[in-house]
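K.L.:
Residue-level listing of the chains:
Protein chains: 2
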Amino acid sequence: MQNITDIIEAYLKQILHDQKKIEIKRQEIAERFDCVPSQINYVINTRFTIEKGYFVESKRGGGGYIRIQKIVILDSHDLLDEMSRWIGNDLTQQAAEDYLIRLVNEQLLTRREAIVIQSLLQKESLPMALEDQRRMRAHLMQTVLQTIKRL
Amino acid sequence: MQNITDIIEAYLKQILHDQKKIEIKRQEIAERFDCVPSQINYVINTRFTIEKGYFVESKRGGGGYIRIQKIVILDSHDLLDEMSRWIGNDLTQQAAEDYLIRLVNEQLLTRREAIVIQSLLQKESLPMALEDQRRMRAHLMQTVLQTIKRL
DNA sequence: CACCTCTCTGACCATCTTTGACTATTATTT
DNA sequence: AAATAATAGTCAAAGATGGTCAGAGAGGTG
Numbered sequence: 021m022q023n024i025t026d027i028i029e030a031y032l033k034q035i036l037h038d039q040k041k042i043e044i045k046r047q048e049i050a051e052r053f054d055c056v057p058s059q060i061n062y063v064i065n066t067r068f069t070i071e072k073g074y075f076v077e078s079k080r081g082g083g084g085y086i087r088i089q090k091i092v093i094l095d096s097h098d099l100l101d102e103m104s105r106w107i108g109n110d111l112t113q114q115a116a117e118d119y120l121i122r123l124v125n126e127q128l129l130t131r132r133e134a135i136v137i138q139s140l141l142q143k144e145s146l147p148m149a150l151e152d153q154r155r156m157r158a159h160l161m162q163t164v165l166q167t168i169k170r171l
Numbered sequence: 021m022q023n024i025t026d027i028i029e030a031y032l033k034q035i036l037h038d039q040k041k042i043e044i045k046r047q048e049i050a051e052r053f054d055c056v057p058s059q060i061n062y063v064i065n066t067r068f069t070i071e072k073g074y075f076v077e078s079k080r081g082g083g084g085y086i087r088i089q090k091i092v093i094l095d096s097h098d099l100l101d102e103m104s105r106w107i108g109n110d111l112t113q114q115a116a117e118d119y120l121i122r123l124v125n126e127q128l129l130t131r132r133e134a135i136v137i138q139s140l141l142q143k144e145s146l147p148m149a150l151e152d153q154r155r156m157r158a159h160l161m162q163t164v165l166q167t168i169k170r171l
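One line per chain: the protein sequences are A and B, in this order.
For the first sequence, the working numbering begins at 21 and goes up steadily by one.
For the second sequence, the working numbering begins at 21 and goes up steadily by one.
By construction, these hints were calculated from the structure, which means they are not laboratory data.
Small disclaimer: the values here were computed from a predicted structure and weren't measured.
Heads up, a few of these hints could be off.
No copy labels: a pair is met if it fits in one copy or bridges any two.
[What the hints assert, rightly or not] Below are the DMTMM-like pairs computed for lysine to aspartate or glutamate, each with C-alpha atoms no more than 25 Å apart in a straight line:
| id | residue 1 | residue 2 |
| --- | --- | --- |
| 1 | LYS90 | GLU144 |
| 2 | LYS143 | GLU77 |
| 3 | LYS45 | ASP26 |
| 4 | LYS33 | GLU102 |
| 5 | LYS72 | GLU29 |
| 6 | LYS45 | ASP110 |
| 7 | LYS90 | GLU151 |
| 8 | LYS143 | GLU48 |
| 9 | LYS169 | GLU144 |
| 10 | LYS45 | GLU117 |
| 11 | LYS79 | GLU144 |
Please work from the sequences and hints to get the whole structure.
P.N.:
Right under this line is the structure:
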């Protein structure tokens, strides 16, 4: 946890812990952590994705901003359907892990369950060409989502 | 006990004696013991395997690490290893269900966990020729058995 | 000595992070 | 309306780690 990305991520999440939404100025954050502005984009693109449950908006030009919100979906059924739609028929290993973590946070899965599922979705478990792997992973994840509904 | 592998192994295990988990930087350890970085991989691959009761994770790139955890060896590991042997690389849907029921009875899985796994091993989840399906199912089940060890 | 197994090394690969030049968009000023 | 200023976005290259693998080296055994 000495790389800037993790530090900035922690900083933003800590704020989001108290507030549901934050609005930052890219340049300001970059200055505060002494990094280039595009670093902030990297943090957002890798740590505040839809898979992880965040919604990001931004505006350029004078008075520009980046706004980050934690997505709250009250009805778990809806969350499962949303996830299903997001996934479609293509899913990377990283995205799968992010979704599983989200499901654990939403208490739709236990940590143990997520670990087992994750192990089945990792590339070592899907011995096939990369493209097929992602399709297969998506297919299995869809099954998981449907199964959770009946648990 | 004069070769570097043993020395590094002892060093790491001594730390693991006090802590359940350690996180190292490959390069740092290599420097400390004056060896090439890949030596660390050798140590890990030969001395910190799942069979020996260790679980290892890592991350590359800036802020990368290697994390080693000691997992508790249970008697039930024998059962898991036996099942693994029985299954080999071919598993029917019915047999899979039977194994899962057994695992639930042995309290190695919860009912919910078994249901999720079963849903992933059913034929609808494995869209491929029947023969491949059975091989794939066996492969996934093997993953499950290994994963259970570190739950 | 011949042979086998375990260890060690280094070249090459894969993945994640950081940086900066260039681009796109919006607001403000002329 | 056009020019300028103020922001944010994109992308590819460089940097920072860890992983793999094949071959060389070392130690033991018949």
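K.L.:
Give a verdict on every hint.
P.N.:
A quick look at each hint next to the structure:
| no. | hint | in the structure |
| --- | --- | --- |
| 1 | LYS90 with GLU144 | between (32 Å within a copy, 22 Å between copies) |
| 2 | LYS143 with GLU77 | between (32 Å within a copy, 15 Å between copies) |
| 3 | LYS45 with ASP26 | both (18 Å within a copy, 16 Å between copies) |
| 4 | LYS33 with GLU102 | within (23 Å within a copy, 45 Å between copies) |
| 5 | LYS72 with GLU29 | within (12 Å within a copy, 36 Å between copies) |
| 6 | LYS45 with ASP110 | neither (33 Å within a copy, 34 Å between copies) |
| 7 | LYS90 with GLU151 | neither (31 Å within a copy, 35 Å between copies) |
| 8 | LYS143 with GLU48 | neither (39 Å within a copy, 29 Å between copies) |
| 9 | LYS169 with GLU144 | between (27 Å within a copy, 17 Å between copies) |
| 10 | LYS45 with GLU117 | between (29 Å within a copy, 24 Å between copies) |
| 11 | LYS79 with GLU144 | between (34 Å within a copy, 16 Å between copies) |
Consistency with the previously given hints fails for numbers 6, 7 and 8, ordered from lowest to highest.
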